[in-house]
Every structure is written in C-alpha cells, then in structure tokens.
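Chain by chain, the residues run as shown.
4 protein chains.
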Amino acid sequence: MPAPSSTPDAQAKRARRKESRPGELLAAALDLFVEKGFAATRVEEVAQRAGVSKGTLFLYFSSKEELFKAVVRQSLSGRFQEWSDEVDRCTGSSADLLRYGMTSWWERVGNTNASGITKLMLCEAHNFPEMAAFYQAEVAEPYHLLVRRILQRGLDSGEFADTDIDLATYSVTAPLIFLAMWKHSPSTHPCTTEAFDPEKYIAAQVHIILNGLRARAPADPRPP
Amino acid sequence: MPAPSSTPDAQAKRARRKESRPGELLAAALDLFVEKGFAATRVEEVAQRAGVSKGTLFLYFSSKEELFKAVVRQSLSGRFQEWSDEVDRCTGSSADLLRYGMTSWWERVGNTNASGITKLMLCEAHNFPEMAAFYQAEVAEPYHLLVRRILQRGLDSGEFADTDIDLATYSVTAPLIFLAMWKHSPSTHPCTTEAFDPEKYIAAQVHIILNGLRARAPADPRPP
Amino acid sequence: MPAPSSTPDAQAKRARRKESRPGELLAAALDLFVEKGFAATRVEEVAQRAGVSKGTLFLYFSSKEELFKAVVRQSLSGRFQEWSDEVDRCTGSSADLLRYGMTSWWERVGNTNASGITKLMLCEAHNFPEMAAFYQAEVAEPYHLLVRRILQRGLDSGEFADTDIDLATYSVTAPLIFLAMWKHSPSTHPCTTEAFDPEKYIAAQVHIILNGLRARAPADPRPP
Amino acid sequence: MPAPSSTPDAQAKRARRKESRPGELLAAALDLFVEKGFAATRVEEVAQRAGVSKGTLFLYFSSKEELFKAVVRQSLSGRFQEWSDEVDRCTGSSADLLRYGMTSWWERVGNTNASGITKLMLCEAHNFPEMAAFYQAEVAEPYHLLVRRILQRGLDSGEFADTDIDLATYSVTAPLIFLAMWKHSPSTHPCTTEAFDPEKYIAAQVHIILNGLRARAPADPRPP
DNA sequence: CATGAATGAGGCTTCATTCAT
DNA sequence: CATGAATGAAGCCTCATTCAT
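Chains X, A, V and E, in that order, give the protein sequences. This note's numbering puts the first residue of the first sequence at 1, with every later residue one more than the last. This note's numbering puts the first residue of the second sequence at 1, with every later residue one more than the last. This note's numbering puts the first residue of the third sequence at 1, with every later residue one more than the last. This note's numbering puts the first residue of the fourth sequence at 1, with every later residue one more than the last.
One or more hints might be untrue.
Which copy is meant is left open, so a pair is good if it fits within one copy or across any two.
Below, a list of computed lysine-lysine pairs in the DSSO-like style, where the Cα atoms sit at most 27 Å apart [said to hold, decoys possible]:
| # | residue 1 | residue 2 |
| --- | --- | --- |
| 1 | K200 | K69 |
| 2 | K36 | K183 |
| 3 | K54 | K64 |
| 4 | K36 | K69 |
| 5 | K64 | K200 |
| 6 | K54 | K183 |
| 7 | K54 | K200 |
Derived by calculation from the structure, the hints in this document are not laboratory data.
Model the full structure from these sequences, guided by the hints.
Below you can see the structure in the form of structure tokens.
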C-alpha cells in the first residue's frame with residue numbers, strides 16, 4: 001500500500017501540465033534514444049528527464065516500444081505529408097528540386113536529433129523486429145517513394161538521363177546515411193577536427209549525383 | 001567403411017582444440033557481436049557457438065569487454081602493421097595507392113565481418129566509454145594515420161593538389177562508413193534491391209576523390 | 001418524437017446519480033470481484049464500470065478493502081436480520097424449515113453473485129487476514145448461528161434425533177459451498193454438460209440430511 | 001557488473017545439489033501456491049523457501065507459469081497413468097471400485113497439498129487462461145474419463161442402474177470439490193471445530209451415491 | 001463533490017560474473 | 001583446465017492511493 005511522499009517539493013512537481021506532458025516525454029525520449037540507443041535507454045531516465053516519475057510515462061505510452069513509435073511518428077513519419085506537398089508544389093527544375101531536397105533534409109532532419117532515429121534503426125533494427133517493421137512502413141518506404149518521385153520527375157521531363165532509378169536512389173541515400181552516422185557517433189571517428197562541413201559535403205554530393213544523372217554511364221568510373 | 005569409436009577421436013579433438021579455443025571464441029564473438037551488437041549479445045551464446053561453457057569463456061577473457069577488445073585486436077588493430085608495410089612497399093602512383101587501399105579495404109574489411117566491428121562502435125561507443133577509448137587508440141587513430149600517409153605521399157610528390165588533408169580524409173572515410181553500415185544493417189534501408197554494387201560504388205567514389213585531389217578547389221561544387 | 005437536448009437530461013441524471021453512486025459502485029464491485037477475484041480486480045475497472053472516475057471511488061470507500069467490506073455488507077451480512085426474522089416467524093416443521101432455508105439460499109444467494117463472495121473468501125481469505133476476520137464475524141458466524149438455530153429447533157421439538165450439531169452443520173454447509181464454487185468456477189470442471197441441476201442437487205441433499213437427522217446414527221454409512 | 005557476495009555463508013549455500021534442485025523448488029512452489037494462490041505467490045519466496053536465489057529458479061523453470069505447470073504435472077497429471085492401471089487391474093465389484101477410488105482420492109490427493117492445486121484452479125483459472133487450458137487437458141479431462149470408466153464398468157456389468165452418467169459424475173465430483181475447498185480454506189468456515197471428519201464424509205457420500213446408482217430414479221428426492 | 005494526473009513500491013525476468021567441483 | 005550452478009543488480013511494467021484543480 002504505497003503512500004506518495006507528500007514532501008513540499010513533490011507538490012511543486014505536481015503542477016498539472018497534462019497538455020504538454022506527452023510532448024515533454026517525447027522530447028526527452030528522443031534525446032535519450034539518440035544519445036544512448038533504444039535498448040540502453042531506461043524508461044525511468046526518460047521520465048526523469050521529462051520531470052516526471054516512471055509511472056507517469058506509462059500513462060501516456062503503454063510501453064517502451066510504443067514510446068519509440070510515437071517518437072518516430074513525431075520526428076519523421078508525421079512529416080512526410082508536408083514534404084510530399086512541397087515536391088508537388090515545386091515548379092523549378094528537377095536538379096534544383098533534388099538539391100533543395102537534400103539540403104533541406106540536412107537542415108530539417110540530418111542536423112537535428114531526428115537523424116538520430118535513423119542511426120538508431122540502422123543500429124538496433126535487428127534486435128527489435130516489430131519496431132523495424134514499423135520503421136520500414138512509416139519511414140523507409142515513404143522516404144524511398146519521395147526520392148523516386150523526384151528522380152522520376154527528372155526522367156519524365158527529359159532533364160535526367162534514363163538511369164537505373166534504384167541505383168540513383170542509393171546515390172542520394174548513401175551520403176544521408178553517412179551524415180546521420182557522422183552526426184550521432186561519438187568521437188570515435190575523426191569528428192574532433194573541425195574540418196568536416198556537412199553542408200559542403202551535401203553540396204558536393206549533389207553535384208556529383210547530378211553529373212551522373214545527366215551523363216549516360218555513371219557507373220564506369222575508370223578512365224582509360 | 002570403418003566406424004571409428006568416437007572416444008579417441010573426441011579426445012584428439014579436445015586436445016587439438018585446447019590450442020584453438022581462444023580463436024574459436026573470438027570467431028563466435030565476432031559473428032555474434034556483428035549480428036546483434038555488443039550489448040545485445042550474451043556471453044553464453046558466444047560460448048555455446050564456440051562449443052564451450054560459459055565459465056570457460058571467462059578463463060580466456062576476463063570480461064565481456066575484454067572479449068570485445070580481443071575481437072577488435074584480431075579483426076582490425078592487429079592488421080595495421082601489415083597494411084602499413086604494404087604502403088611502405090608501394091612504388092606506384094599515389095592515385096593507384098589510394099585506389100588500391102580503398103578497394104582492398106572493401107575486400108579485406110568492408111566485405112567481411114570486420115566491418116561489423118566498425119558499425120558496432122559507431123552504434124554503441126557512447127554506452128561503453130572504455131571500449132570507445134580502446135577503439136579510438138587501436139583502430140581509429142591508426143586508420144587515420146594510414147590514410148593521411150597516403151594523402152601526404154601524393155602531396156609530397158606533387159601528384160595531389162595542396163588540399164586540406166583532414167577534409168580529404170573525410171572524403172575517403174565517408175564511403176567506407178556508409179558501406180560498413182550498409183553491409184551490416186538489416187533490410188530497413190533499401191537493401192532489398194539488387195541494384196547496389198559496393199565495388200562499383202567504391203570505384204566511383206575513388207574516381208570522385210581523385211578528381212577532387214587533382215583539382216584545386218574540390219569544395220566549391222556549384223558551377224557558375 | 002421530441003429530441004430532448006441531452007444537457008438538462010444529463011444534469012438530471014447526474015443529480016439522481018449522486019444518491020445512487022455508492023450503490024452503483026457496489027454493484028460494479030460485486031460483479032468484478034466475483035468475476036476476477038479481489039486481488040485481480042483493479043479499482044479503476046470498478047470505477048469505470050460504475051461510470052465514475054477512480055478518484056470518486058475513494059470518496060465513498062477509503063480503500064479497496066473497505067469497498068470489499070461494503071460489498072459484503074450489502075450482499076450478505078446486511079441480510080441476516082431478515083433471514084433470522086423469517087426463522088423466528090416460521091410455525092411449520094423443522095424439516096420444512098431446513099428445506100426452505102436451503103432452497104431459498106440457492107434462490108437468494110447461491111444463484112446470484114452473492115455466492116461469488118463466498119467463493120472469493122474461500123479463495124483469497126488467506127491473503128487478506130483483515131478481510132477474513134471481517135467476513136468471519138459478519139457472515140460466517142451469523143450463518144452458523146442461523147443454521148444451528150434451525151437444527152436446535154428440530155432437536156428441541158424432538159423432530160430431529162439427538163445428533164452432533166456441528167457435524168450436521170457441515171452436512172448443510174458442504175453442498176452450499178460446492179454450489180458456490182460450481183456456479184462461479186470457469187469451465188475447468190465439468191460444467192460443460194447441461195446435466196447438472198443445482199435445484200435438484202439441493203433437494204437431494206436436503207433429503208439425505210433429513211434422513212440422517214431422523215435416524216440415530218447418520219455417521220455409519222456402511223450397511224451390515 | 002554485479003559481483004556475487006563472497007561471504008562465507010554464501011559459500012555454504014553453494015553446495016551443489018543439481019539433482020535435487022527441481023524437486024526442492026517444486027515442493028516449495030506447491031506449498032506456497034496452495035497456501036497463497038498462484039498470483040499472490042512471489043517467485044522470490046519460492047526460491048527462498050527452496051534455499052536458493054531468485055535467479056536460480058529461472059535456471060530450472062523458464063517462467064512462473066512453467067513452474068506452475070511443472071507442479072501440476074508432478075502433483076496430478078503425472079499420476080493418472082498409475083491410477084488408470086489400478087482401475088484396469090481391479091477384479092472386484094464396481095461398487096467397491098468406486099468406494100476405493102473415492103477413499104484413495106482422499107488419501108493420496110485430497111488430504112495432501114495436491115488438492116490445493118484443484119482449489120487454486122477453481123479460484124484463479126479465470127485469470128490465467130493458458131494455465132486453465134493446460135489444467136483442463138492434463139487433469140480435468142483425464143479425471144473425468146477415469147470416473148466415467150468406473151461408472152460405465154458398473155453399467156456394463158449390470159451392477160448399476162442405467163443412470164445418466166454425466167449426472168452421476170457430478171455426484172462423485174461434488175464431495176471431492178467440497179473437500180478440496182474445505183481442506184485448503186482458512187478458518188473462515190467452521191473448520192475450527194474438530195467435528196468434521198472427511199473420511200466419514202467420503203464414506204457417507206459413497207453410500208449415498210451407490211444408493212442412487214442402484215435405484216432407478218435418483219433425481220426425485222421428495223417423498224410423497 | 002468529482003476528476004484524473006501523478007506517484008513509487010513491488011513483481012517478473014535477464015544476464016554478466018563467480019567459484020566449488 | 002573445464003564446467004555449469006548460483007548469484008543479484010537492474011530493467012520493464014502495474015496499480016492502489018493521493019491531491020491539486
């Protein structure tokens with residue numbers, strides 16, 4: 001028969017913030033999941049960082065996995081509609097669209113904790129099949145469709161050469177994956193140096209990809 | 001066909017195996033660490049896969065972390081001497097040396113479980129600071145020195161333009177990191193397609209890097 | 001057909017319900033305690049089924065145990081006065097009185113959720129000593145006194161043979177306990193068949209008991 | 001990184017009793033399940049009573065439910081073969097066989113903790129559907145088949161009147177259920193008195209059942 | 001009065017590590 | 001050397017009870 005501590009500071013903590021609780025918990029969870037991974041993050045830590053107790057977290061999210069899914073929804077899957085609309089509205093060249101897409105990915109995802117979720121799934125998907133399936137359906141799939149739409153748009157307009165669209169999708173994805181890893185990996189790799197500039201990296205990769213898309217044979221790199 | 005009584009055979013096997021126990025444990029550990037990550041791998045599983053009991057594992061490795069370090073030594077750090085010697089012995093152009101380095105990284109590391117260790121450190125280093133420090137000292141640092149030596153060689157010979165060597169190191173490292181992640185991540189990302197060919201990817205990246213190293217200003221991708 | 005605005009209606013309902021809240025809570029609690037047992041029933045469920053919030057339940061009952069006691073009072077202990085009065089008013093034979101008592105036990109208790117309370121105490125009393133003591137004092141004791149009064153009445157009038165009254169009490173109680181268990185146990189035991197008729201069972205047991213009470217030696221079942 | 005306490009008494013506890021551990025755990029579990037029920041028994045308590053730690057229990061039984069199933073197997077289901085064989089070997093009258101069956105049920109089950117399992121399932125089956133199904137298949141079903149075999153034997157030989165066999169099964173089962181409850185219920189009900197003698201009770205019930213089986217119409221108890 | 005957000009003790013289960021044999 | 005039984009800290013989740021609004 002537990003009796004909640006009635007210490008005065010407990011009372012202070014009790015300020016009702018029902019509306020903002022889920023958001024605070026999601027923010028705390030995102031930070032910790034990105035920092036430590038899914039398995040290594042303890043729900044109690046998430047609760048603490050959000051300023052509530054362990055039990056409170058479970059009022060809002062029925063399990064650790066559901067908490068994670070909610071984080072994914074907020075950080076990534078819930079935003080595809082908006083991104084898709086942007087593509088629809090675009091009236092410029094497909095090259096510009098691709099460049100815009102990749103640079104704004106960096107600004108809105110890569111350079112935020114949201115890309116930490118991508119890293120996390122790359123790292124832990126194998127150990128949590130249900131979460132992996134969820135991520136595949138809610139994030140990976142929509143992402144690929146979006147990239148393909150952009151590429152197909154260029155192909156349809158004749159702006160891009162008739163390339164293997166799957167291959168091109170990889171060319172786009174590879175640097176993003178690298179950046180997601182680079183941003184959220186500890187100093188193990190040479191991140192100490194200030195030399196690396198992700199924005200320049202993105203720009204260079206865009207340049208390279210566009211070169212490939214305009215030429216016929218991007219796959220034969222060996223000069224005679 | 002004679003049916004040898006399994007007893008002497010088993011004894012022979014046991015005697016033989018005494019010598020190879022550590023190797024078998026390391027092989028099992030490498031596989032499992034790569035498959036499931038460090039934290040998610042249970043030592044008992046490692047022992048089982050190596051055909052010994054849990055206690056035996058601790059005779060050879062004083063803790064799970066030490067086991068990991070031994071795996072890292074065998075898979076990566078122990079091989080830098082040899083790789084360094086190869087660089088020393090090289091008499092060709094620095095461009096060829098860089099190409100050789102990256103393609104043989106793929107053959108000897110990237111395309112094997114050894115690159116799983118790289119992925120694993122990128123994923124879990126934060127949760128195991130001691131292991132991270134070990135990896136930094138034994139793998140990341142030697143790796144960077146090796147890459148820099150190759151780049152410096154080209155700079156010294158006048159073959160490469162006078163580039164920021166840190167930046168160039170990133171250009172080399174980025175695709176390797178991507179490949180390590182790509183190889184060891186589940187189908188979450190677009191690995192379902194057969195389109196992607198890592199060897200071509202390496203070749204293309206080498207080509208791009210060399211273009212950058214020969215030109216003066218690799219960082220300004222926007223053509224006028 | 002008029003469509004009454006639900007607001008005044010709801011208000012009326014609320015006003016009306018203020019009076020009946022405890023009753024609705026007790027009804028919900030009885031159902032759930034019987035269905036799932038005391039420990040396995042969550043107070044929130046009780047509140048929900050009564051259409052109020054968890055906090056409201058605690059306005060009426062200071063703890064889960066008090067809620068249970070109130071259920072017991074309403075379902076069982078509060079009714080002994082009436083039953084006792086019936087015995088007082090009875091002018092027929094003691095055999096008829098015993099038969100009447102047992103058959104109306106089935107009608108008023110056994111065949112209702114009230115017998116679920118009996119089952120529940122048999123099952124969980126050990127884990128809740130205070131509740132057990134309460135039940136003992138408020139239900140078990142009055143029950144036994146009532147049965148004894150009936151038996152004593154028959155002895156005093158010479159209608160029943162001079163039997164061990166404790167033993168006879170068991171003969172009366174045993175079938176009632178069986179029926180309480182039978183009614184509230186899941187299909188684990190042979191309840192699938194429609195064969196069993198509790199009323200006939202009661203009638204048969206009454207018959208047997210009366211046979212025993214009229215003869216001298218009800219305890220020696222072995223015929224010569 | 002837990003380090004087991006190396007206190008001297010811990011060493012004493014470490015006496016290897018691998019062979020007897022499961023039995024000790026099963027005995028402790030049986031006692032506690034019977035005493036407190038399944039849900040209210042904590043695995044740590046079981047372990048403690050068996051003289052081991054919480055973790056050790058899980059070396060032998062993969063979950064609390066599996067522990068329970070093992071208890072059921074040892075206490076009840078594993079013994080039906082033997083009982084069935086006894087019925088096969090019986091050469092006497094079916095009346096004697098029925099009497100023997102019921103009295104030896106008391107000696108071997110009813111009067112031991114094994115009947116506590118029966119009580120427990122009657123009480124908690126609803127809350128643990130999987131366990132209920134297991135018990136139904138492994139205990140309740142075999143029990144009924146055995147009772148029916150005995151009754152059918154009497155019918156086939158002409159010794160028993162042609163009665164509804166389902167109904168007769170209830171007549172046999174009811175007193176056993178009562179006794180199981182009576183034995184394992186706390187002093188809530190009149191068990192304080194020494195008056196009740198389960199063996200006499202069984203004998204009396206056997207007598208009554210046999211009377212019913214020999215007569216044509218056991219179901220009409222009301223004399224004219 | 002009524003609400004329902006918040007609490008935190010407690011239960012089941014996992015797993016790295018130890019050590020008697 | 002090798003074994004594997006034993007340990008116990010730690011993690012996820014539940015739920016009776018409280019209390020600010």
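Hints versus structure:
| no. | hint | verdict |
| --- | --- | --- |
| 1 | K200 to K69 | neither (32 Å within a copy, 36 Å between copies) |
| 2 | K36 to K183 | both (14 Å within a copy, 22 Å between copies) |
| 3 | K54 to K64 | both (11 Å within a copy, 23 Å between copies) |
| 4 | K36 to K69 | both (17 Å within a copy, 20 Å between copies) |
| 5 | K64 to K200 | neither (38 Å within a copy, 41 Å between copies) |
| 6 | K54 to K183 | neither (30 Å within a copy, 37 Å between copies) |
| 7 | K54 to K200 | neither (43 Å within a copy, 50 Å between copies) |
The structure shown violates the earlier hints numbered 1, 5, 6, 7.
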